[in-house]
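Chain by chain, the residues:
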Amino acid sequence: MFWPICRPFSPLILAAAALLSSAPGHAQGYDIRPWPAGQSAPAWVGTDLTGQTWQPADLRGKAVLINFWASWCAPCLAEMPLLQSLPKAYGRDKLVVLAVNFKESGPVVQRYVQRNSLTLPVLLDPLGKMARAWGVSVFPTTVLVAADGRVVGVVRGEFDWAGPQAAPLLAPLMHPLDGVNPQGARR
Amino acid sequence: MTTVHAHARRLFLKSLALTSVAALPAASFAQAASPADRQFAPQPGRWRTFEVTTRVDILAQQGATRVWLPVASVDTDWQKSMDHTYTSNGQATLTADGQYGARMLYVEFAEKEAKPYVELTSRIQTQNRAVDWQAKRSPAEDAATLAYWRQPTDLLPTDGIVRQTALAATQGARTDVDKAQKLYDWIVANTFREPKVKGCGEGDIKTMLETGNLGGKCADLNALFVGLCRSVGLPARDVYGLRLVPSAFGYKELGGNPASLKGAQHCRAEVYLKGYGWVAMDPADVTKVMRQETPEWIKSPQNAVVKPVNSALFGGWEGNWMAYNMAHDVKLPHSKGETLGFFMYPVGEDASGRFNSYAPDDFKYQISAREIVTPS
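Protein chains in written order, with the numbering used here: chain L, 221 to 407; chain X, -15 to 360.
If we strip away everything but chain L, and leave its shape as in the complex, we get:
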């Protein structure tokens, strides 16, 4: 796993390092990649199934998880209920989860959403443009965006969003200005 040598106090890097050091890499079934330093996030705008438009400027001040999924992807479906539960657990004013469907038609996605009683915002990406812009080729992939708008990393593969590995990953997103020092105490 490659780690950037700058930004030693990046909360995500420290959180991800803690996660990787606590479990054998390949047995987890996911990997976490820090967002490359200096790489800007792609511009995006999306509309969910209710017709609401979502864009980064409207989400400033909240941590955002952008989850890329498809109905043919079993690991995507396995983690979806847990992803959906996160805003309620952390506070809807602190964390937003957007589920971006990859290349499926509206009726197909709508049917899946209804069958599985999904209530989180589901955005359509019918041509896969948004996924390509974010460099997503594995599903599920979840982009981690901190409350100050910085993209801090990407989780590839099915992740236990309710497990012990989740909080160290999510908490720094909601408090990006706090950070932690290497000894683990808040500044």
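This list has only true hints and no planted wrong ones.
Pairs of lysine-lysine residues, derived as DSSO-like cross-links and limited to a Cα-Cα distance of at most 30 Å, are as follows:
| id | chain 1 | residue 1 | chain 2 | residue 2 |
| --- | --- | --- | --- | --- |
| 1 | L | Lys349 | X | Lys180 |
| 2 | X | Lys315 | L | Lys323 |
| 3 | X | Lys272 | X | Lys190 |
| 4 | X | Lys190 | L | Lys323 |
| 5 | X | Lys246 | L | Lys323 |
| 6 | X | Lys315 | L | Lys349 |
| 7 | X | Lys166 | X | Lys236 |
| 8 | X | Lys348 | L | Lys349 |
Don't read these hints as lab results, they were simulated from the structure.
The hints should help you fit chain X onto chain L, whose structure is shown.
Showing chain X alone in chain L's frame:
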């Protein structure tokens, strides 16, 4: 009702040399009382005739609707595609893609059609395949055809991690048969490992290898086998088709329920081996037996349940399956949707986009088969 007889072969499917196989005993049912008694040894020599019916009923239209149904396009020494009949309240035409000769029934339904439907019935004959590895011969295949089947496709790149993996797996191989065997064994051996990343790619073999996720529905293992073969110079191709009836050898994972085949699509593979011609391969079905034939996931291909299947599917397969085509990157005529990586499911689209081919009950479609037994 319209009757259409089978068309002549296209360039890349014509002139397949007839396999000269010695007369071999017919396969018999395995009344296996224990794993040690399991047998799986399909032998050619007996043609079976099947009638396969695909029925589509469009449940809810948004605007004009179009449907494409794959039609058996393969005529070889192991399958004869005989005739096709269809009924529909739309405008139906038998046509083909422009490159691979993958035939299809294309139907257009008017926007106001109350209950759009189409029913396609095909008659085909199949027989088992097996290779007599002791009887080398050199069936003719032109160089351009062999070069064609070494090319990469959108979902089957042959460079990078694919080639690296294949080179590592085939180290020490001296002949084409050795190479194919090592790649076949690699597929079987590597699918039981836990994936590095539990996620799915779009069906491309590069992502399969990068994530190490070679299990479950995310991985098309025979496509991976074909890509690995091509990357080290072996002409290879996927053969997309449909299971029809149960296996005569009692393996529940290697057959279909003829009353309901809507989820019985299965892709097999062929490799061209010098001295033997186009040879049947199906390492994916070996892994299926390992994962699902018994309640316990079997990890060793030497297990008594797996061993006969592992042996026989290298060079053979059972004729309880119908081939549709060998097409990749299929551009459906009149479609507004994307190119298909492969075409072995019904496809439909209307103004709202493509239907979900993997959800037959929503689409909706059903496929059934019956074997026509001629009294001797």
